[in-house]
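Asks: Listed below are the residues making up each chain.
2 protein chains.
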Amino acid sequence: MSLESYMNQIGQQARAASRLLAKASTKQKNMALFAMADALESARPRLISENAKDMDNGRAKGLDSALLDRLLLDNKRIDSMIEGLKQVAALPDPIGEISDMVYLPSGIQRGQMRVPLGVIGIIYESRPNVTIDAASLCLKSGNATILRGGSEAFYSNQAIAEAVTSGVVAAGLPEHAVQVLNTTDRDAVGMLISMPEFVDVIVPRGGKSLIERISKDARVPVIKHLDGNCHVYVDDEADLEKAFAIAMNAKTRRYGVCNAMESLLVHSAVADKFLPKLIGALQEKGVSLVGCEQTRAIDSSVELATEEDWYTEYLAPKLSIKVLANMDKAISHINQYGSHHTDAIVSQNYSKTRAFLTEVDSSSVMVNASTSFADGFEYGFGAEIGISTDKIHARGPVGLLGLTSQKYIVLGDGHTRDN
Amino acid sequence: MSLESYMNQIGQQARAASRLLAKASTKQKNMALFAMADALESARPRLISENAKDMDNGRAKGLDSALLDRLLLDNKRIDSMIEGLKQVAALPDPIGEISDMVYLPSGIQRGQMRVPLGVIGIIYESRPNVTIDAASLCLKSGNATILRGGSEAFYSNQAIAEAVTSGVVAAGLPEHAVQVLNTTDRDAVGMLISMPEFVDVIVPRGGKSLIERISKDARVPVIKHLDGNCHVYVDDEADLEKAFAIAMNAKTRRYGVCNAMESLLVHSAVADKFLPKLIGALQEKGVSLVGCEQTRAIDSSVELATEEDWYTEYLAPKLSIKVLANMDKAISHINQYGSHHTDAIVSQNYSKTRAFLTEVDSSSVMVNASTSFADGFEYGFGAEIGISTDKIHARGPVGLLGLTSQKYIVLGDGHTRDN
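Protein sequence lines, in the order shown, are assigned to chains A and B.
Count the first sequence with our numbering and you get residues 16 to 434, in order.
Count the second sequence with our numbering and you get residues 16 to 434, in order.
This is chain A alone, in the form it adopts within the complex (with noise of 0.2 Å):
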């Protein structure tokens, strides 16, 4: 079979998954997750033995050790696969749900309903947990899914696809219903994300680079991540302590995610009293500095900022430091520099608060907390597919509620429309 014909199968087949499991009752796809979770569990050594076939071809291919350890498959790693899709199957379900039903002037009572997206398709690197991420995620959600892992993880997806499709059978769910492609082929990625006929949306996961590429290329709308220069911002009237905590949080709780802290923005009145304590603690911990001008003059172990640094998100132990003479001049350099992810004010000045929250144009905007928070599970949503830096369909951290859309539903009684 050619890869066109091929893609085109997988797309009709999720398709027709996707209508039964639009009307698959909570109950069902509680069943299929837990079914799902025993047939991993059974699967252990089978498993354990495909992705030893994947670690090997990584490691002939010099794959670094960072890569190898994400793509590593060991018993831990497979528990917690298990207990993600029993959490999963905890949540509550949103689909169906009817919000803001009213009568208006012509008798009518509209509302709103919340249904699946419909096919899903998720692109992501070599990372053999995000198989079972994303399924459970997409399942639950009643959509069905195309999955295309990282060719260095070939081995190790095909077999939890077996796994999936096997629990979701059990369950009396389409054996469709989850789909991972069983080519490493890239042209497939290509012809995955121009199928509008066949899939809904794309959620890419993985570097920058990646998702770049496939916002480009794709005729399916995409849910993407990009970049997290987040920012906190220092106010004069900043609680100093407050400040300090956050500012250590948000940058050193971990250095390669995306909720990190990448610059620090400093009133201009406190950052005398503010700085000194902070640069030092930070260079504690091993934190390479960049600042500008005013920040040397403060601490001249502090290396000179370059325009490029206030666009850099680090992922890294390392942070630039700014000081400006005002909260409003603060606002536009985050609105400017940053990246439309988290951003936070540190203030005890009502006003001030009240007016970040409003400008700042970033997926969450925080007032006396770290940035850390950004996170899916912080929120409340108990799982997340990803952060979305896009303002159109779903903003910040996606959750399930971010795999779904809302239709408008009328009930009449034989109601007409008079002009």
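Accuracy of the hints is not assured; some may be wrong.
The list makes no distinction among identical chains, and a pair is therefore deemed to hold if it is satisfied within one copy or across any two copies.
As the list claims (entries may be wrong) - Mimicking SDA-like on lysine to any residue, the simulated pairs with C-alpha atoms at most 25 Å apart in a straight line are:
{"hint": "1", "residue 1": "K292", "residue 2": "Q43"}
{"hint": "2", "residue 1": "K101", "residue 2": "N434"}
{"hint": "3", "residue 1": "K38", "residue 2": "Q28"}
{"hint": "4", "residue 1": "K101", "residue 2": "G111"}
{"hint": "5", "residue 1": "K38", "residue 2": "F259"}
{"hint": "6", "residue 1": "K344", "residue 2": "G187"}
{"hint": "7", "residue 1": "K223", "residue 2": "S209"}
{"hint": "8", "residue 1": "K231", "residue 2": "L241"}
{"hint": "9", "residue 1": "K300", "residue 2": "W325"}
{"hint": "10", "residue 1": "K68", "residue 2": "L83"}
{"hint": "11", "residue 1": "K344", "residue 2": "R34"}
{"hint": "12", "residue 1": "K257", "residue 2": "L119"}
{"hint": "13", "residue 1": "K231", "residue 2": "M206"}
{"hint": "14", "residue 1": "K76", "residue 2": "F259"}
{"hint": "15", "residue 1": "K257", "residue 2": "N364"}
{"hint": "16", "residue 1": "K288", "residue 2": "P332"}
{"hint": "17", "residue 1": "K333", "residue 2": "S80"}
{"hint": "18", "residue 1": "K231", "residue 2": "S209"}
{"hint": "19", "residue 1": "K223", "residue 2": "V184"}
{"hint": "20", "residue 1": "K38", "residue 2": "E252"}
{"hint": "21", "residue 1": "K257", "residue 2": "N434"}
{"hint": "22", "residue 1": "K223", "residue 2": "V235"}
{"hint": "23", "residue 1": "K231", "residue 2": "R201"}
{"hint": "24", "residue 1": "K333", "residue 2": "N434"}
{"hint": "25", "residue 1": "K101", "residue 2": "I63"}
{"hint": "26", "residue 1": "K91", "residue 2": "S64"}
{"hint": "27", "residue 1": "K223", "residue 2": "T198"}
{"hint": "28", "residue 1": "K42", "residue 2": "K101"}
What the hints contain is simulated information worked out from the structure, not anything from laboratory work.
Fit chain B to the given chain A structure using the hints.
Replies: Just chain B now, kept in the frame of chain A:
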């Protein structure tokens, strides 16, 4: 200035204006709408004389009478543009609304704030009144707008643009809040839809071919309306009087609208009883009919429908009729041949109406009501910028809310994340 520099300048100005509009107060935005109305009132002679140039050019180019009618600006149409501005001013302002603010286990409060999308590009055909419709809805929702109207309405749109800008400036809002392109170069459209750095969303208004072309080429999200191949399904448990009224209203209220019924589906158990009277009434109104073999067995004056007919939005006094064995077949037919716009069931059976609402995959699904109700005004939105047949972001009639997004806001008091 080259076209590219010009479009770049327009984009930068729009982005800068959008920052100011995002924080404009409701009072200021309403003042601007009233000032725009005053400016249109004062500009009446100029609007009419500039429109006369377009009308002369249109006649010389041989535009047909329907196009010339759409192009015409007379005092009555100016009245209704002015009235439209006042209606938009009277709508509640969605911007800044905070919802779902909850305390989470970590101690932070998390909610969502409604915000403008940013910059909206509107591409439309030669109907000058759309300039005011679109500009007013975008302004009220805090967005900057770039408008590109049909070239036949060039002089009319420029004159309207002057009035709009004078109103905007009189209210202290940014001069570039609403920009009407002053070029008829077709390449400007291509540039407008590929500037994601300056334009957040494109709303094309016009025929299907325009919209398909724009969707295909856009590098920016598109809120689009394709066709409205709407169905009414008359169940064997329908109240046939209600079914008759609904079918007549859905088909004959207006023929050229997207929410008109284009295909009637009838349960075989009531076809003999229901169809003869309906066919007679429709033919009396001049509606030409095509149908399946079973329909033709009931009335041989109905022409045989082709496979193509079931896919077709006639936008004309024409209807396709199909007799089916049960509701499930009707739902499958609608989901396969329909355009996911608006579909209705007529039935007194509780379980069937409940299943129809859930299983039909359309932007509006109705029970015992005419498809004609699928409309922003009828749904109580006060105005609509169009009807979306997409599933992502806005689906169905798009009012002010469809021109907004929601960002997360987090309030803490020095909160940091533990793990």
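Asks: Confirm or reject each hint.
Replies: Results of checking the hints against the structure:
no. : hint        : verdict
1   : K292 x Q43  : neither (56 Å within a copy, 45 Å between copies)
2   : K101 x N434 : between (53 Å within a copy, 21 Å between copies)
3   : K38 x Q28   : within (16 Å within a copy, 48 Å between copies)
4   : K101 x G111 : within (21 Å within a copy, 37 Å between copies)
5   : K38 x F259  : neither (51 Å within a copy, 30 Å between copies)
6   : K344 x G187 : between (58 Å within a copy, 21 Å between copies)
7   : K223 x S209 : both (20 Å within a copy, 20 Å between copies)
8   : K231 x L241 : both (13 Å within a copy, 23 Å between copies)
9   : K300 x W325 : within (22 Å within a copy, 68 Å between copies)
10  : K68 x L83   : within (12 Å within a copy, 70 Å between copies)
11  : K344 x R34  : between (51 Å within a copy, 13 Å between copies)
12  : K257 x L119 : between (50 Å within a copy, 19 Å between copies)
13  : K231 x M206 : both (14 Å within a copy, 15 Å between copies)
14  : K76 x F259  : neither (45 Å within a copy, 70 Å between copies)
15  : K257 x N364 : within (14 Å within a copy, 61 Å between copies)
16  : K288 x P332 : within (23 Å within a copy, 78 Å between copies)
17  : K333 x S80  : within (22 Å within a copy, 67 Å between copies)
18  : K231 x S209 : both (11 Å within a copy, 10 Å between copies)
19  : K223 x V184 : neither (36 Å within a copy, 41 Å between copies)
20  : K38 x E252  : between (54 Å within a copy, 22 Å between copies)
21  : K257 x N434 : between (61 Å within a copy, 18 Å between copies)
22  : K223 x V235 : both (18 Å within a copy, 18 Å between copies)
23  : K231 x R201 : both (16 Å within a copy, 22 Å between copies)
24  : K333 x N434 : between (64 Å within a copy, 20 Å between copies)
25  : K101 x I63  : within (21 Å within a copy, 68 Å between copies)
26  : K91 x S64   : within (15 Å within a copy, 77 Å between copies)
27  : K223 x T198 : within (23 Å within a copy, 36 Å between copies)
28  : K42 x K101  : within (13 Å within a copy, 50 Å between copies)
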